[in-house]
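Participant: We have chain A; now place chain B onto it with these hints.
Spelled out, the chains give:
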Amino acid sequence: MERLRFATVGSVDDGKSTLIGRLLYDSKSIFEDQLEHIESVSKRRGTDYVDLSLLTDGLRAEREQGITIDVAYRYFATPKRSFIIADCPGHIQYTRNMITGASNVDLAIVLVDARTGIVEQTRRHSLLASLLGVPHLVICVNKMDLVDWSPDVFNRIREEFEEFASRLSLRDVTFLPISALQGDNVVSRSPNLTWFEGPTLLHHLENVYTASDDNRVDARFPVQYVIRPQRAEHHDYRGYAGRVAGGVFRVGDDVMVLPSGLTTTITGIDSPTGPLQQVEPGHTATLLLQDDLSIARGDMICRPNNRPRQAQSLEAMLCWMDDAASLQTDRIYSLKHTTKLARAKVTKVLYRLNISTLHREADVRSLALNEIGRVEIHTTAPLFYDDYHANRTTGSFILVDENSGQTCAAGMLLSPRT
Amino acid sequence: MKSALRGLVDESVTIIREVAAEFERPVMLFSGGKDSVVMLHLAVRAFSPARVPFPVMHIDTGHNFPEVIEFRDRTVAELDVQLIVGSVQASIDAGRIQDVSGPRASRNPLQTVTLLDAIAEHRFDAVFGGARRDEERARAKERVYSFRDSFGQWDPKSQRPELWGIYNGRHKPGEHFRIFPLSNWTELDIWRFVDECDIPLPSIYFAHRRRVFRRDGMWMAESPFLVADGDEPVSEQLVRFRTVGDATCTAAIESSATTLEQIIAETAAARVTERGATRADDRISDAGMEDRKKQGYF
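Residue numbers (this note's numbering), protein chains in the order written: chain A, 1 to 418; chain B, 419 to 716.
One chain only, chain A, in its complex shape (with noise of 0.2 Å):
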């Protein structure tokens, strides 16, 4: 059985958490006292019906507000594969969040009002997974009930859609009709949608295609840790341990270790559960290498012939994430890069993308909160990365306000323009 991540995002009131209540509820992954305790809420606040963004909305401030201020974590299961939800917060001024939950997902929903049809969150939250490289993502037109499950207002919509996408980079979109308050095409068919041929929400999530997602082509392993047991029964045990970012390491490749550029073989592969002869993107492993090199966490181990690009200036796109201060430019931040730390300055922005029309604004000094720009940085140590559309882990960075703590922004290096 498989994991597939996705992240559910949507304006204000488009029914996102009611949603993920549907899709808990209706997959049975909703216990009897979860159940009774947002019956007794609802009834406590005079709602007509159940309120099943309550399941979601765990903190007391978004009771009281009744709103999503903070991803949230949700975890359901069925006969064909588990599911981890992050539920992302659609105001404006929690880009950051959906940001932070859309990072790592292996497909998004983007829910759209029936009524409403696309608009500018809509737009903003679908360039945030192009540029975040999500590999699927679902059109989710919610509330059909209230358009009379008119084909036509469906059809309009994902046409709209459709024009909009062509100028992102999006590799897979899929759109369903559903009606997520009683539940309509979300885990079973809806009577009421009988003109729609596709798959219910629920189906779509158990079979969208994820295994060639990863890039199993480029070799890529960021040192995080060296294992030298210092005990008599393991006296020359030396292991390199870390999280393959790339490509697939087996026993007997020989492998090029930056940034010294010494090569060597792989001897043997150890991991959490046991010897391995080769390992695959996303699995922890510990390196044996046939050489005695001077190794240490932040160096990459790749093939010989098929290196990362290395470089101390770069370019990037940035996205501001700290609410209490802007970008300054020449200002030294933190940086941490796969398994290493260095330190930084963004040395210019080159513009700034405005996230609702895709204009790029030229001369612009700074990135405020939520806001997103092209720009170079200059670090103190070579990073060995890629283009984040090639490889999502050795291709993003965050940056550190080195005074607060905060995790400031959040980047994703490109190619060198030529």
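Read the hints as simulated data drawn from the structure, not as lab findings.
In this text, all values refer to a predicted model and were calculated from it rather than measured experimentally.
Just to be clear, a hint being listed does not mean it is correct.
[Stated by the list, open to error] Straight line, CA to CA, 35 Å or less: simulated DSBU-like cross-link-like pairs of lysine-lysine: (1) A:Lys28 - B:Lys575; (2) A:Lys28 - A:Lys43; (3) B:Lys575 - A:Lys345; (4) B:Lys575 - A:Lys348.
[Unchecked claim] Covered stretches of chain A (in silico footprint by chain B; criterion: 3 or more residues with CB under 8 Å from a CB of chain B, positions within the stretch not fixed): (5) 221–230; (6) 396–404.
[To be verified] Selected chain A positions facing chain B (Cβ under 8 Å, derived; list incomplete): (7) Phe31; (8) Arg74; (9) Ser103.
C-beta: ideal position from N, C-alpha, C; glycine also.
Facilitator: Leaving out everything else, chain B in the frame of chain A:
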């Protein structure tokens, strides 16, 4: 190992190694409960064949099930890790906190003071906890690296964004992080891992006969720390524990499951959440856990 579990193991092991690499003085909370047992076994696997490079710590209310304390001591000896015990009794004796009394008294909330004192005394900067996001509403919102200010407080409204698999552990002296490597595990995942990897657990997780009484709709175990009121008849029942904590606030469930296979079947069919079924301490208010976490609780 089945692929869904393998992915969880990879994620947890990566988090544990990252903390060992980046923090100066990590410690892992270990109560002998199933989540902390799984977490400790993952730590052993993360550094094998080397030793786990940090100690484990138990905050002992003094009101624990004897089977669990015995299991705790045996496990740390077998896995060759150092155990630190933070004693709530010692905090009471030192006048740091006042003991609670009365038939419904529980030392459970007192643990926060002992925990924060122990963190300060040992200058721990990273404290691993076995909490899972599926357990409780407030926990569903918490980061893997969860920042605590110099008062040990959690501020749910200003959590650091956590992107990709990159964690930010930057802090000043006196501040620390709670680290939750099992964030994405569910109760069922824990049991499947225990089964697949043959992990020993305290005997009270398996069905046994025990003297219990009904309180607030739950079976509470009779013990020197918890006695029944006059109108609470005590009887012997076939029960097991779904969670293991302080004996005064952890309830048993009726069960005849004596094997892991039976427990997994029972867990998969359960219609009530783990904490809902067994934790008196969550029944205080809608936000009981959130409020306790803000003060520095586990």
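Participant: Out of the numbered hints, which ones does the structure contradict?
Facilitator: none
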